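Given chain A, put chain S in place with the hints provided.
Protein chains: 2
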Amino acid sequence: MYDLLKGLTVVEGASFIAGPSCGLYLAQLGARVIRFDQIGGGPDAGRWPAGPKGQSLYWEGLNKGKQSIAIDLARPEGRELAQRIATAGDGLFVTNFPAEGFLSYERLAALRPDLVCLRVMGWADGAPAVDYTINAAVGLPMMTGHPDDLRPVNHVLPAWDLLAGAYAAFALLAADRERAASGRGRELRLALSDLAAATLGNLGQVAEVLLGGRDRPRSGNDLFGAFGRDFTTADGARVMLVAITPRQWTGLVATLGVENAVAALEAELGVSFKSDEGARFTHRERLNPVIAAAVAARPLGELAPLFEGAGVTWSIYRTLHEALGQDDRLFADNPVFANIMHAGGDTYPTPGAPVRILHAPRDPPAPAARLGAHSDEILATLLGLSDGQIARLHDQGIVA
Amino acid sequence: MYDLLKGLTVVEGASFIAGPSCGLYLAQLGARVIRFDQIGGGPDAGRWPAGPKGQSLYWEGLNKGKQSIAIDLARPEGRELAQRIATAGDGLFVTNFPAEGFLSYERLAALRPDLVCLRVMGWADGAPAVDYTINAAVGLPMMTGHPDDLRPVNHVLPAWDLLAGAYAAFALLAADRERAASGRGRELRLALSDLAAATLGNLGQVAEVLLGGRDRPRSGNDLFGAFGRDFTTADGARVMLVAITPRQWTGLVATLGVENAVAALEAELGVSFKSDEGARFTHRERLNPVIAAAVAARPLGELAPLFEGAGVTWSIYRTLHEALGQDDRLFADNPVFANIMHAGGDTYPTPGAPVRILHAPRDPPAPAARLGAHSDEILATLLGLSDGQIARLHDQGIVA
Chain A
9 MYDLLKGLTV VEGASFIAGP SCGLYLAQLG ARVIRFDQIG GGPDAGRWPA GPKGQSLYWE
69 GLNKGKQSIA IDLARPEGRE LAQRIATAGD GLFVTNFPAE GFLSYERLAA LRPDLVCLRV
129 MGWADGAPAV DYTINAAVGL PMMTGHPDDL RPVNHVLPAW DLLAGAYAAF ALLAADRERA
189 ASGRGRELRL ALSDLAAATL GNLGQVAEVL LGGRDRPRSG NDLFGAFGRD FTTADGARVM
249 LVAITPRQWT GLVATLGVEN AVAALEAELG VSFKSDEGAR FTHRERLNPV IAAAVAARPL
309 GELAPLFEGA GVTWSIYRTL HEALGQDDRL FADNPVFANI MHAGGDTYPT PGAPVRILHA
369 PRDPPAPAAR LGAHSDEILA TLLGLSDGQI ARLHDQGIVA
Chain S
9 MYDLLKGLTV VEGASFIAGP SCGLYLAQLG ARVIRFDQIG GGPDAGRWPA GPKGQSLYWE
69 GLNKGKQSIA IDLARPEGRE LAQRIATAGD GLFVTNFPAE GFLSYERLAA LRPDLVCLRV
129 MGWADGAPAV DYTINAAVGL PMMTGHPDDL RPVNHVLPAW DLLAGAYAAF ALLAADRERA
189 ASGRGRELRL ALSDLAAATL GNLGQVAEVL LGGRDRPRSG NDLFGAFGRD FTTADGARVM
249 LVAITPRQWT GLVATLGVEN AVAALEAELG VSFKSDEGAR FTHRERLNPV IAAAVAARPL
309 GELAPLFEGA GVTWSIYRTL HEALGQDDRL FADNPVFANI MHAGGDTYPT PGAPVRILHA
369 PRDPPAPAAR LGAHSDEILA TLLGLSDGQI ARLHDQGIVA
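Respectively, the protein sequence lines represent chains A and S.
When we follow our numbering, the leftmost residue of the first sequence carries the number 9, and every step to the right adds one.
When we follow our numbering, the leftmost residue of the second sequence carries the number 9, and every step to the right adds one.
Since the list gives no way to pick one copy over another, a pair counts as held whenever it fits inside one copy or between any two copies.
Derived EDC-like pairs (lysine to aspartate or glutamate); straight-line CA-CA distance at most 20 Å: (1) K61 to D223; (2) K14 to D184; (3) K61 to D354; (4) K61 to D284.
These are calculated hints, taken from the structure and not from any lab test.
In this text the structure is predicted, and so the values were computed from the model without any measurement.
Extracted from the complex, chain A is given alone in its bound form:
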């Protein structure tokens, strides 16, 4: 944890990945992030993966370092309390609650006109959607997978949710910055549908399909438009090799000792693979076998030091279990991670902020709090309630 955002208070009323990861990123850079949940847990409280004690490792992972208050959101008094919390502190609120419900911007702005509210949504029109349905809607599963099997492939990484979380943290700080000058509140709506559509626009894929009049054919594990693919070594290891820049390409060719074969192919085809990255993709059915043969001629133990020595852009394909055991740069020796005990009772390597700030002290990540662990503290410090008022809320079952 770093302290760049020390002194900033953000309230999170959100579930699943996008909103909570926004709050997580803010907390990891030092903000005080207050999360409210339904007493007993919101819809993401039990989300898999689950740990050996039944705890949600997902929930523990996404809510690290936040303060927790548990509220009965089904009752009017609980909803009113959530509204007061959402509008307290610095007036920064991240949510995925419906745009028209009790946490609508109108209702909140009536309590605090300068509120900055960032609302993560599925479809921008309010229709329900999750990462996996948006992904199908924009075409990614039809682009993913091997060309010899035309079934759609859902990728398992919830990329739109994750991107939404990081973008939300950015947009929230941008709006906070503007508000410092203007005093103006804002409702920001970030829909996964807009994010996915805009991203395919930013990558040139919308223009490609519209100007070309058709979809890009599936290219399997071949990296589109340059050189990159999986290859198998003499001892059956699978490696991903990539060469996008001229330097990456010449380095790879020299390391594999295939200069002559590549030059012969260039002469035959009348292209320069070095200067024209697209030619490496266009002629991949001719070029890939040359690389494949060179990789297949040597075991991984011989290739790996060659690749490392020459600065080739490559990786072994690993499972996550293998990654955890084999590459200490990722987890074991990574200063981003620290081994901490969690509320669910287990201790495991836990990431803090993914960014490294040089010469700044990095405190170990804090675990996710037990639900309601900070209820009294939040009611007292954020809303200024008295002990008697807090006790009454407990007695009535409004908070826990």
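What follows is chain S alone, placed relative to chain A:
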């Protein structure tokens, strides 16, 4: 384009996706983003997809609304100029240049001690990596794809690059905010390797594998830990259906009219699919056929209005070409997009900021500039050079 960040100047010396998308997000919220490139174009100038006129639609997409100066970075005078530009304006610099080269933090901080520099990297130790090699290194391709085919599947979305771009924009604003109070410069390093490792930690997957002692088996298109999969309608359309919350589940079951079959299965298995989302995954080989039969009994034209009416979380699987033609919410009727002419000569729907700021004017997105289109303006306004000095830089071929 919105104006939240109006008045903020950020310099970008970066190629490919992560750094440029950071600059893009900043520009779309109103920052003045100055990008410098090698004269004739950097390593991403020709990156595919290419348009009908040979232009890089990728480059056009990722560099919209930025100002461009072209510099000969191979020469000492050009490198010195780049250093001056990187440290000018508000002292915010985004780059993927090597940590130890002419754009090292030490060299830049010597010119401007309070510089905030955000450096996107491959591996955190400086070893070369791109999205696709990091993805293989952390295990995603081994989790992706159908369980009946154990080849790794590279997903085609450059998710780590995209996440890095949004996170970088967030971290840069956080550091700028802290600097306003402390006056302190910072070097921030954001490595794709750290981002991927931390993300798998945040999602609970690192803990899952370490505490469980083994990898999660591939689950193909089945959403892990709840209900979600692709199903085929009577007329052969493929749809993604998801139910994570109890409400999503009961809505889906009611819409498909499979209450009795589901209740019989619950009685037989001794589970409640409504209250236990994990049971839907555990027993998916029994449960999925019930849903599959109900979906297969009706054509899409009959199912779609049922799903929409009941608020089911679903989508048709589309190709991007189909998405562009069939769902006007994504592109044609989406206020995030505007049809604008680009420097490459083509006009196509182009996204602005993916966030919607209610009641704020949204200006149409600006296209990417021709390389060097703002060279003189940048030299004059950012560095305060005279006409004579600017002319000399042109004469010497240092800028173009």
